[in-house]
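Now for the letters of each chain:
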Amino acid sequence: MSAVLLSIEGLVTRFYTELGVVKAVDGNSLHLAGRESLGVVGESGSGKTVTALSVMRLIENPGRIEGGRILFRGEDLLEKTERQMRRIRGKDIAMVFQDSLSSLNPTLTIGEQIARVLKFHLRLSKKERWRRTVDLLAQVGIPEPEQRVKHYPHQFSGGMRQRALIAMAISCTPALLILDEPTTALDVTIEAQIFELVEGLKQEFGMGTFLITHDLSVVATFCDRVVIMYAGKIVEEAPVLELYDRPLHPYTRGLLGSIPPLEGGKARLDSIPGEVPDLISLPPGCNFSPRCGLADERCWREEPPLESPAPGRRVACWKAGELG
Amino acid sequence: MRDGALLEVRELRKFFPAAADWFAQLFDRRLIRAVDGVSFSISRGETLGLVGESGSGKTTTGRVIARLLEPSSGQVLFDGRDMVRLRGKALKAMRKRIQMIFQDPSSSLNRRKTVGQIVSEPIRIHKLARGKALQTRLARVVELAGLSPKFLNRYPHELSGGQRQRVGIARALAVEPDFIVCDEPVTALDVSIQAQILNLLVDLQDELSLTYLFIAHDLSVVRHVSHRVAVMYLGKLVELAEKGELFSRPRHPYTQALLAAVPRPDPRAPKRKVLHGEVPSPIAPPPGCRFHPRCERRIEGVCDAKEPPLVELEGGTRVACHLYAKEAS
Numbered sequence: 001m002s003a004v005l006l007s008i009e010g011l012v013t014r015f016y017t018e019l020g021v022v023k024a025v026d027g028n029s030l031h032l033a034g035r036e037s038l039g040v041v042g043e044s045g046s047g048k049t050v051t052a053l054s055v056m057r058l059i060e061n062p063g064r065i066e067g068g069r070i071l072f073r074g075e076d077l078l079e080k081t082e083r084q085m086r087r088i089r090g091k092d093i094a095m096v097f098q099d100s101l102s103s104l105n106p107t108l109t110i111g112e113q114i115a116r117v118l119k120f121h122l123r124l125s126k127k128e129r130w131r132r133t134v135d136l137l138a139q140v141g142i143p144e145p146e147q148r149v150k151h152y153p154h155q156f157s158g159g160m161r162q163r164a165l166i167a168m169a170i171s172c173t174p175a176l177l178i179l180d181e182p183t184t185a186l187d188v189t190i191e192a193q194i195f196e197l198v199e200g201l202k203q204e205f206g207m208g209t210f211l212i213t214h215d216l217s218v219v220a221t222f223c224d225r226v227v228i229m230y231a232g233k234i235v236e237e238a239p240v241l242e243l244y245d246r247p248l249h250p251y252t253r254g255l256l257g258s259i260p261p262l263e264g265g266k267a268r269l270d271s272i273p274g275e276v277p278d279l280i281s282l283p284p285g286c287n288f289s290p291r292c293g294l295a296d297e298r299c300w301r302e303e304p305p306l307e308s309p310a311p312g313r314r315v316a317c318w319k320a321g322e323l324g
Numbered sequence: 001m002r003d004g005a006l007l008e009v010r011e012l013r014k015f016f017p018a019a020a021d022w023f024a025q026l027f028d029r030r031l032i033r034a035v036d037g038v039s040f041s042i043s044r045g046e047t048l049g050l051v052g053e054s055g056s057g058k059t060t061t062g063r064v065i066a067r068l069l070e071p072s073s074g075q076v077l078f079d080g081r082d083m084v085r086l087r088g089k090a091l092k093a094m095r096k097r098i099q100m101i102f103q104d105p106s107s108s109l110n111r112r113k114t115v116g117q118i119v120s121e122p123i124r125i126h127k128l129a130r131g132k133a134l135q136t137r138l139a140r141v142v143e144l145a146g147l148s149p150k151f152l153n154r155y156p157h158e159l160s161g162g163q164r165q166r167v168g169i170a171r172a173l174a175v176e177p178d179f180i181v182c183d184e185p186v187t188a189l190d191v192s193i194q195a196q197i198l199n200l201l202v203d204l205q206d207e208l209s210l211t212y213l214f215i216a217h218d219l220s221v222v223r224h225v226s227h228r229v230a231v232m233y234l235g236k237l238v239e240l241a242e243k244g245e246l247f248s249r250p251r252h253p254y255t256q257a258l259l260a261a262v263p264r265p266d267p268r269a270p271k272r273k274v275l276h277g278e279v280p281s282p283i284a285p286p287p288g289c290r291f292h293p294r295c296e297r298r299i300e301g302v303c304d305a306k307e308p309p310l311v312e313l314e315g316g317t318r319v320a321c322h323l324y325a326k327e328a329s
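So the protein sequences, as listed, match chains A and B. With my numbering, the residue at position 296 of the first sequence is 296, and numbering never jumps. With my numbering, the residue at position 204 of the second sequence is 204, and numbering never jumps.
Rather than coming from a laboratory, the hints here were simulated on the basis of the structure. In this text the structure is predicted, and so the values were computed from the model without any measurement. Heads up, a few of these hints could be off.
Derived EDC-like pairs: lysine to aspartate or glutamate, alpha-carbon spacing no greater than 20 Å straight-line [to be verified]: (1) 91/A - 66/A; (2) 271/B - 36/A; (3) 273/B - 199/A; (4) 243/B - 307/B; (5) 150/B - 224/A; (6) 266/A - 242/B; (7) 271/B - 128/A.
Just a sample of chain B residues kept apart from chain A, beta carbon distances all over 10 Å, derived [said to hold, decoys possible]: (8) 69; (9) 88; (10) 155; (11) 161; (12) 247.
Glycine included, C-beta positions come from ideal geometry on N, C-alpha and C.
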């Protein structure tokens, strides 16, 4: 594994709403090496998207990044001015969002939108921009790219729009590609196409990928390492094989048990009881304790620290030792 | 008709005009062939899973069966009577027996009404209970759906996604239906909540001897709840089989491709196989077999020329593919 590309240290991101303070990301640390694929898994409100938006410095009012450091190639992104960030976003770090329709401008053609990125970051001439845009569309598998550059987003299917967004994201060959639920709205055959594409691009350009998803099956097929988040905190981290062979956190176990196997043969799913907690009024102690079958007095009272029971693994659970 | 079939669909078709309004329709008379000749039946107490990708026509099929849409042609026999022809009182009586659970519990519940009002509405419309009896019935169906009766006075926005879907289920159960069309009932929910709702639907079926049409795009979810599974592609039924048979021995090349594309929660699982291309437009579907432009096993001159009939193979699997024309029993 090559040198560390991204290192998040003690990140705290909060939203000051009328109802109270939402602790969206609560003191998390994680890192990503160049060429590595990290999967960040969690349900709604786990803080996975807010973590990525913090890296992009796209947290808007009433949200604030209140603590920690985000080191990208050794430089703290939180110290950068907005002007400097604009030079980084889309060039060194690119992000592909879940909803392709709302992340594209409906009044500009696909070609113009990609060409603008090339103009801003690479200062290519008009002719070069168009040639490169057509090349990019061809590279992400859009048929008849010379025609397609002139089309508007609504003329593309969902899968094609997601491909166009990926073309835009890789247009300046970023070192880090953040994918936020890139295939959630898509059919499974299109999802397989998109991941085949990203896998190929990863091999070609050697970028690090940060994949945000709720889908543990997608992570199993795509990632090297996985971080599991719950209610704003990292609860477990492991290399991908170890996570599925020996999950340590009861929440991870619950998530894996909730997936109906395609092979069948399971009469009942091991569902996790209860609901994802409200981030404004989190329970005392471990955030997962109200839903955890193993929880006892200590779990309800004291928050478990994120500890490393083995190299490359981290888990935040008082009971993890017993589960081993 | 199958033994004990509660619902039978015969040659169902539903076309929509491609143009958005009547004025545009004057110039553009093209039709979207959303459902184009689909036949199947569902036995009492059975769950038929209906899978397919966007544009396959699975949701339209469900909506026609629930009679939220009028079919363009074909029959929907419920308990032996053609629903499509029913009007007035007979239709209302039939509507009581068929209910629907929708994908998005946030948009399918009225925001201005309390849970109690939402769930009691179908009871009042069908005049099944009033006063104290209504209250008892409300408390019972809400509890059946796994909610505490204290939720009756709450509004949808005060509930989580999972709780809202339970309200949708309670509303469907309120009139004691025989048949429920479940349209992607867990797609919008978090993974940990999905399992709760799936377990609930399975329990309710046992307890109340319900019959389900379960529409979903997630194959592992469909396998978990269904007895038999039907696969749709571009408005057509391409395969229908017992679930064990469908998942272990898929016959149609599209079913095979769909299964191979599903990611497994196992890093050691074989790599996903990628089906290339996209679903063509239902306005001008390909001639012959609708899957032939994407099919690896297509027979030139046959698949692109002649539409394959749905034939029954040994073991009861029905498949619409020229590869199996000889095997048909």
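Taking the hints in turn, this is what the structure says about them:
As the CA atoms of residue 91/A and residue 66/A are separated by approximately 26 Å, the hinted pair breaks the 20 Å bound. The hinted pair formed by residue 271/B and residue 36/A meets the criterion: a straight-line CA distance of about 19 Å does not exceed 20 Å. For a cut-off of 20 Å, the pair hint linking residue 273/B to residue 199/A stands: about 13 Å separates their Cα positions. The straight-line distance between the Cα atoms of residue 243/B and residue 307/B is roughly 25 Å, outside the 20 Å bound, and the hint therefore fails.
Proposed proximity of residue 150/B and residue 224/A is contradicted: the alpha carbons are some 46 Å apart, above 20 Å. Using a Cα cut-off of 20 Å, the hinted pair residue 266/A and residue 242/B holds, with the two alpha carbons roughly 16 Å apart. A hinted pair counts as satisfied when its Cα atoms are at most 20 Å apart, and residue 271/B with residue 128/A does not qualify at roughly 37 Å. Every CB of chain A is more than 10 Å from the CB of residue 69/B (nearest about 22 Å), matching its label as outside the interface.
With a closest Cβ-Cβ approach of about 40 Å to chain A, residue 88/B is found to remain outside the 10 Å limit, as its non-interface label requires. The non-interface label for residue 155/B is consistent with chain A: the shortest C-beta to C-beta separation is roughly 16 Å, beyond 10 Å. Separation of residue 161/B from chain A is inadequate, the least Cβ-Cβ distance of about 8 Å not exceeding the 10 Å criterion. Interface exclusion of residue 247/B from chain A breaks down, the closest Cβ pair being 6 Å apart, not more than 10 Å.
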